[in-house]
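Student: One line per chain: the protein sequences are Y and U, in this order. Heads up: the first sequence is residues 1 to 622, going by our numbering. Heads up: the second sequence is residues 1 to 197, going by our numbering.
Since the hints were made in silico from the structure, they are not lab data. Cβ atoms here follow ideal geometry from the backbone N, Cα and C, with glycine treated the same way. Treat the hints with care, since some could be wrong.
Lysine to any residue pairs mimicking SDA-like chemistry, simulated, CA-CA at most 20 angstroms apart [stated by the list, open to error]:
(1) K4/U x S267/Y
(2) K4/U x S263/Y
(3) K561/Y x G606/Y
(4) K14/Y x G58/U
Simulated restraints, written as ranges between beta carbons of each label pair [said to hold, decoys possible]:
(5) P11/Y x G33/U: 28 to 34 angstroms
(6) D168/U x G516/Y: 55 to 61 angstroms
(7) N195/U x M269/Y: 49 to 55 angstroms
(8) L319/Y x K4/U: 40 to 46 angstroms
(9) N195/U x V522/Y: 54 to 60 angstroms
Spelled out from the first residue to the last, the chains are:
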Amino acid sequence: MSSLNPLKALPGTKLALMGNEAIARGAVEAGVYVVTGYPGTPSSEVIMTIQRYGGDLGIYVEWAVNERVAFEIALGAAISGARALATMKAPGLNVASDPVISAAYSGVDGGLVILVADDPGPHTTQTEQDDRWFAKLAKLPTISPSSPQEAKDYARVAFEISEELMLPVMLLTTTRVNHAVGEVILGEFKEPRRYKGFKRDPPRYVRAGMKWNLERHKWVDQQLSRVEEVTGKHGLNRVEGSGDLCIVTGGAAYNYVVEAVESLGLSGMTRILKLGLIHPLPARFILENIEGCRKILVVEELDPFIEEELAKMLYRAGLHIEILGKHAGWLPFEGELNPVIVREFIARATGVRETGGAEPVKPGVEIPERPPPLCPGCPHRFTFIALRSALLRNGFKPSDIPVFGDIGCYALSVNPPLNSIWTEHSMGASISMAMGLKIAGFEKPVVAVIGDSTFFHAGIPSLIEAVHKRVDMLVLILDNDIVAMTGHQSTPAWSRTETGRETRGISILELVKAIGVDNVAVVDPYNLKEAERIIGEYLVRKGVNVVIAKHPCALEERRTKHVEPYVVDAEKCTGCRACIASTGCPAIIMVEGKAYIIEEDCNGCGLCVRYCQYNAIVRRER
Amino acid sequence: MSNKVFNILIAGIGGQGGLTLSRILAEAAVKTGFSVKTGETLGMAQRYGSVVSFVRIGGNTYSPIFGSGEADVLLGLELTESVRNMRYLRHRGLIIVADEYRPPSMASITGRAPSRSVLLAELARYNAVVVPARKIAVEAGNPRALNMVLLGVLNAATNILPHHVVEDTIRSIIRGEAGEKSVRAYYEGHKWFKNHR
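With the hints as constraints, model all of the structure from the sequences given.
Tutor: In structure tokens, the structure reads:
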């Protein structure tokens, strides 16, 4: 979305870049040759940027079926000397954890960087997982930038460190870096680093030898002990200011600290230790630079990771300096930090009076929440409505039949008026959790709903399990032919990849048949009657029955298809609200007691027309 | 503009172009020689949920976001979202808001959505500049250019960015015919403010 090509602009140019675009630039500057990952907010734009602007750079840049596969591809490239990048959001790292945790034991020859985007807030993620712990668990050197400029620079540095230490390096970010825009000064390019050579070396690459594993573990720990020394030349950690009030911080929190110290008038008496190296924490740097500190404030997001490590360091060094952070209740464990929280903390901890301005404006009107609904024309809305009628037609109340959801747009059906899914847990969990409920003794039918990309990602093993263990259930695969929620990325069903490579699309129908389900049908949910009939039939049949509800994402369809929007005839509308109450379509609003359709948002699906008894919703006259 | 930071909060609904607006502001500011930071909400909230963007121009800033009571301007793409986010406005800050009423659909079902006139009355207490942005955007050729109308009003009210820089930035981010309509919408917004104040 940047106006100048962020991957082609000349070294020295200053551009306004989003953190993720900056990471893309940094990786390309470093000579990355293999880039892969799975979409997940807030990480997706790194790959999207390279796909969009780097088409002719000769770099491999494609989405993978899931994060585990992505990481393994990157690892396979890096053990041959190529520079590789795998990107994912925090839960994606959990999916990839199996190969990631063994990766340090093999080590790499080409730089291997895993970008992991955590989400304090959380803005778009199921948990507020703090992946600094994961860095410890997986024994990965980990660096964490505070700004788009650092995001670019650290992406470059990560490849250097990885090669020098022969270990995969985690570039750990948070939403306020990935989705922040700031000025970035661009650097020079290196040639892409591709395959150099790969020699058979079982002790290094085969984890079936326990003696080898013990040896490799020792090697990993030895490499980790060198991280502070090896990274020293990259200036990841620095001290700003001097004084006996010390603040240790890193990541997005650093920005709030700098502004707070200045606005509280503490600049002359405060020493800020800004840490870019997060694992292992730079003990030597910290101990050298806390000499003379009266007390130490630790400002970090999520868990008290630095705080606890620091306490251990001080204990070992025999130092008694008071630490103020999360444990004493000064800063919250949950939610993201912001400039106000940090300013208030520092003011309280130092006894400085805040010279706050006037009270913020408090509106005199109560404003209701706006939970994100399914889009106008969304085919999932049709499927959930068909499911509801099918339940009713079979004599069930919707409150009797659990609908296990999965990760994707369709989870938004949890909100009224659809009130559909009962659970949303993790990628692929819908089918397996539905199975568990049946095994536990639930006797009525169960339903699992899963999207096409989520099915490819993690649903296939669950479906195999359900079929193999003979558990009765209805599985609805909501196939809109795209990874919709994260911004319309490609799926393995495409016959051309995101970058235009001719390829072989995988058919969900053939795949499901090959697994051996008892019944499978494909319906277009826009054909509501047919969808309702088949869903109703399959709901009560024995065995594992799959309905593939196939219709393109409405937002994608409108890019290629002419849309005829509907309008409300205000003369006929009685203001009964049936259109909104039945569909929850966000293109319909109530204005002065009458329904009104926002024309440019209407995707012309016509669902609302079915619920208007007064024939007040009509095609726009041209 | 002095060396002071200028904080803008853009409030709207996912899909209204708040993100594009913040990006154009950021790029135009950098081209003009200002330091810039923005903080965005992307992802789930993109889809008709509440969306805010923080834009910070000038000064020596680090944080991409700011707190309650720190916005110099609240730039509202929709009435409900503007009132929702009024807490960000600093004392005597400026409110520029599109006269665009799109209540949350859930609240429409239950009838709890504040009416347009209630929202306008609330905004009037703070001397909000209420812009007939949709009408101006439609005249410029595209109702989706409502965000560019507000950009025009913002720049007319504050004079932070030179016209030609804004115009170039719009064209380079929104390509083709949509870009031309956006530039038109920007100038119409600018003209509207000059004529009505």
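Student: Taking 28 to 34 angstroms as the stated bounds, is the beta-carbon spacing between P11/Y and G33/U within them?
Tutor: About 20 angstroms separates the Cβ atoms of P11/Y and G33/U, which means 28 to 34 angstroms is violated.
Student: Is it true that the C-beta distance of N195/U to M269/Y lies inside 49 to 55 angstroms, as the hint says?
Tutor: 53 angstroms Cβ-Cβ, so the 49 to 55 angstroms window holds.
Student: Is it true that the CA of K4/U sits at most 20 angstroms from the CA of S267/Y?
Tutor: Holds, at about 18 angstroms.
Student: For a C-alpha distance cap of 20 angstroms, please report whether K14/Y and G58/U respect it.
Tutor: holds, 15 angstroms
Student: Given the range 55 to 61 angstroms, decide if the beta-carbon distance of D168/U to G516/Y lies inside it.
Tutor: holds, 60 angstroms
Student: Given the hint of 40 to 46 angstroms, check if L319/Y and K4/U actually sit that far apart at their C-beta atoms.
Tutor: Given about 41 angstroms between the Cβ atoms, the range holds.
Student: Indicate whether the distance between the beta carbons of N195/U and V522/Y respects the range 54 to 60 angstroms.
Tutor: holds, 58 angstroms
Student: Would the hint linking K561/Y and G606/Y be met if the CA-CA limit is 20 angstroms?
Tutor: holds, 15 angstroms
Student: Next pair to validate is K4/U with S263/Y; report whether the Cα-Cα distance is within 20 angstroms.
Tutor: holds, 13 angstroms
Checked against the numbered hints given earlier, the structure breaks only hint 5 and satisfies all the rest.
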